[in-house]
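*Asks:* Protein sequence lines correspond, in order, to chains A and B.
The letter at position 194 of the first sequence is residue 194 when you use my numbering, and the numbering goes up by one with no holes.
The letter at position 425 of the second sequence is residue 766 when you use my numbering, and the numbering goes up by one with no holes.
Quick caveat, the hints were computed from the structure, so don't treat them as lab data.
Cβ coordinates follow ideal geometry from the N, Cα and C atoms, glycine included.
Treat the hints with care, since some could be wrong.
Partial selection, computed: residues in chain A whose CB lies under 8 Å from chain B [stated by the list, open to error]:
1. L74
2. E78
3. A114
4. P116
5. A145
6. E235
Residues of chain A placed beyond 12 Å of chain B at every Cβ, according to the derived structure [unchecked claim]:
7. T57
8. T82
9. I111
10. D158
11. R161
12. N170
13. F173
14. I208
15. P209
16. L275
17. D284
18. S314
19. Q332
The lines below spell out each chain.
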Amino acid sequence: MHTARSLALLALPLAGILLAGCAATPADDGADAAFTLYSGRDEDLVQPLIDRFTAETGIVVDVRYGNTAEMGSLLLEEGEATPADVFLSQDAGALGALSAAGLFTTLPDEITGAVPAGYTSTDGSWVGLTGRARVVVYDGESLTADELPDTIDGYVTDEWRGRLGVAPSNASFQSFVTALRVLEGEDAAEGWVQALADNDPQIFESNIPVLTAVNDGALEAGLINHYYWFRQAAEVGPENMRAQLKFLQAGDAGSIVNVTGAGLLNGAADNAEALAFIEYLLSDAGQQYFVTETFEYPLVPGIPAPEGLPSLESLVNPQLDLADLASLSETQDLLARVGLI
Amino acid sequence: MTLALEAAAAPEVPVAPATSARPAASGRPPVVLTALAALAAAAAAIPLVYLAVRGGGSGFERIVDTLTRGRVLEYAANSLGLAAAVTATTLVLGTAVAFTLSRLRVPFPRLWLLASALPLAVPSFLAGYGWLVLAPSTQGFVPSWLLLSAVTVPYVTLPVAAALRGASGDLEGVARTLGRGPLAAFWVATWPQVRPAAIAGGLLVALYALSDFGLVAMMRFPTLTWGINAAYSASFDRAQAAILALLLVVLALVVVVGERSARGRVPRAAPRAVASRSIGRGMLLSLLPVVAVAPVVGVAIPLLGLATRLVQAETLRALDVPRLLAAVGATLGVALAAAALAVALALPIAALAARHRGRLVSAIESVGFLGHALPGIVVGLSLVFFSLAVVPALYQSVAVLVFAYAVLFMPKAIGTMRSGLADVPASLVSVARTLGDSPLRAWWRVTVPLALPSVGIGALLVAIATMKELPATLLLRPTGIQTLATELWNRTVVFEFGAAAPYAAVLVIVAAVPAMVLSGIRSTAKEEL
């Protein structure tokens, strides 16, 4: 009797293995895909764009979704063995790391030339696609836009002690600090970061919890990327958003634009379909998709910014390489020195 | 659960005195068993080897730099402090709940035990998120400690309840008649019997607390996992991540060694069922909050928070039912397969540790546990590294994914199976041997049926953890495969919890099924009343 029971118990996991095998056999993917895309941006956002691309060109794409951190580390770990042909990244740092590891092939000039300098790679190893402005998010019920300082320096004064939320370990905050170093010099940047650290900032792990805290009335203001606000507004309705955005004065380091981008892996150097996809992302249709769906800035000149946002030209276009890892590392040293990370 | 009950209702056992319960302990462990256990430990050591390659190659100076930089050591202290606080809390709370439900006459004991298992089904980041919806200012050490305790306490409650049902209670009665108070009687008579189960559960809790990232990120309590995550997401520096992860392994080593010295030996007595004790209404009312706190804090309130968000969402997208069902199917499939493989890997280690001692045995068992303190992204990357180097043909296949789950979660099965196997009276095996059975046959006829419930507990714990796993799944799944956790991730990247709520609900429900089964399993044979 016991043996029968034991066998029954053993049979269950075996059935599981079979089930896993069946469930896990991709029915429609793989075989006829022209190339493989590793997407560091979520499926909800990217898949509709892929579907349009496939409908227009007939090119089928295999997509692997994950966070940029995961997909970036995955590509570094896979090296030349990667099945990926294209990498779509949430930020420039990951693209810089892959470029530094020599995993990207150089893109044709007509692709890299489509995006102005400052928003794309300096060596043609990847191309910028969309921009996300750094903004101040504030509680619209307790503050008005007029009460908020117009420059980043205004947020580290006594008046703001304990009231500002930041995510210092996050890549987008670190690009802002890098911009500060480039625009205002090392001493000024260190002064600002030190002042922030001494001002009892509210530390968060990433941008979105900062926005959520402001929107729930738990935080008065914080530094984030603009586009998160629009995605949350799309879910609950813009009129129900307690959090509001303030763009800082034109030219202030606090209004730097972070970029998302794409690169072509070495193994795909001759893959025309993969290249066609990157071209599509930079086409009017591709850029327009990001404008209407994510409220990000199109980086190709001539395509209007999302309605209600200041123009890209009015934001900082610093002469810095957002993917420069050496500079990033110095920024992190600075943040570590003042105790923010 | 009837399966387990059947196996548990084995005939009463004539038991030898405590000291002779492990006659094999003094002998040398069988070579085959040791070899199998070493092989399983080698699988568990893959992440450690990977970290040594990635982190160790960067040189001593770099390691010192990384560890002394900024707030790294403070974060490490936070990790350790949180793990210690959560472990202590769950040991006390879990034991109290288990005792109340197993030994005192409370209304609906089965229902309460079931509720006590439910926090296992809630991913920790979801618990954190649900709380933040209702109490947005919640942050820091105290909420992280309490919430993490609430979601991990079943790791102690369930094995202790199972052990109590198998343990002999008349000793406690004896202690009471000899004039001890109820607490003192529990301490001298019952605690020694449930201690190994409680401590083994506490070990899982401690390692879980060390590895957790989702909840502490939500609660804004910076730990070492923040640093590891930032190394991947902001620095894109795998060496830095590896060095920080190795520090986490060192913390885990402290915990594992601590557990080994605290575990002690089980005094064996005849397992005899104990009638539950009646208690007064006042006592009952004062115990109710103790029993209810974890299900309320870890399940009810977070789900209420999620439901609130669902109501607030204006644009509810249509639920793609076939896609949801496909995700449920894939989740169940990989979870069952991972449970089977993890149990198979854990079995030789558990069997070795149950009956044998010595340095080699300790080393094998400890290695089995160490990787459990690592965040999923580290283990996932280590399996990318390993599979590309060893079995490139299987890269991004279900086989490697399931293997990764087994490596990640096998420690959840080792502890329970070890105590289950250790509880099988060696005298019974000897009887079978004297009746002419070969060692293997005796093992199959006696040990397997008696230890089966503990195998079931281990398998269910692995299955539940697999269902909730995200980072390793994202890294290793065959392109295009969705589990409930990845579907939930797809919708929570930007906190669109309105869209995510149905997936979160289904994930919790699916994971609750094995949790409920768990609450009914007994760990050892005993006489029915």
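*Asks:* Checking each numbered hint in turn, tell me which of them this model violates, lowest number first.
*Replies:* Violated: hints 3, 4, 5, 8, 12, 13, 14, 15, 19.
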